[in-house]
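Visitor: Input sequences plus hints: build the corresponding full structure.
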Amino acid sequence: MALASNKKAYFDYEILEKFEAGIELFGYEVKAIRRGDAKLDGARVIVRGSEAFLIGGHVPPYQSANTPSDYDVGRTRKLLLGKKELSYLAGKEHEKGLTLVPISLYNKGRNLKLEFGVGRGKKKFDKRDKIKKRESDRNISRTLKYE
27 MALASNKKAY FDYEILEKFE AGIELFGYEV KAIRRGDAKL DGARVIVRGS
77 EAFLIGGHVP PYQSANTPSD YDVGRTRKLL LGKKELSYLA GKEHEKGLTL
127 VPISLYNKGR NLKLEFGVGR GKKKFDKRDK IKKRESDRNI SRTLKYE
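Read in our numbering, the sequence shown has 57 at position 31, and its numbers run on one by one without any break.
Note that these hints are calculated values from the structure, not bench results. Don't take each hint at face value.
As the list claims (entries may be wrong) - Straight-line Cα separation of at most 25 Å, DSS-like style, residue types lysine-lysine; simulated pairs:
| no. | residue 1 | residue 2 |
| --- | --- | --- |
| 1 | K33 | K159 |
| 2 | K158 | K34 |
| 3 | K109 | K44 |
| 4 | K149 | K171 |
| 5 | K153 | K122 |
| 6 | K171 | K159 |
| 7 | K33 | K156 |
| 8 | K118 | K34 |
| 9 | K104 | K118 |
| 10 | K34 | K149 |
| 11 | K33 | K65 |
| 12 | K156 | K57 |
| 13 | K44 | K104 |
| 14 | K118 | K44 |
Since the model is a prediction, treat every value here as computed from it, not as a measurement.
Guide: Following this line, the structure appears as structure tokens:
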């Protein structure tokens, strides 16, 4: 069960590979995510040096009265990956046309995990074709249902 998901990830990107990473959070961020308040819309993953980061993920405070006054809801959060995965992802990130796109945040046991993928951006005509195909399938199923 996803606690937060990037609903437009599959619409805007063709996901080539998927990865799973732990995410470094504060306690009140974990509570807010488990409550379902996190948003991954517009977020991305970058690799700098030998570390990976989630940028643009929005996690509001669990209780605004009990969070530090300097808390930033869109702060950069470190991802926990192995050395081999990091070097592989750094190479993929530098390839032309590829980006690292967060897909979902979910529980795995007691831990929170981020699923992200290596994606290639879709062109506008690809998106239109997908919408047309979806609508035609919907119309076909409607006509078959009423016959």
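Visitor: Where does the structure disagree with the numbered hints, that is, which hint numbers, in rising order?
Guide: 4, 12
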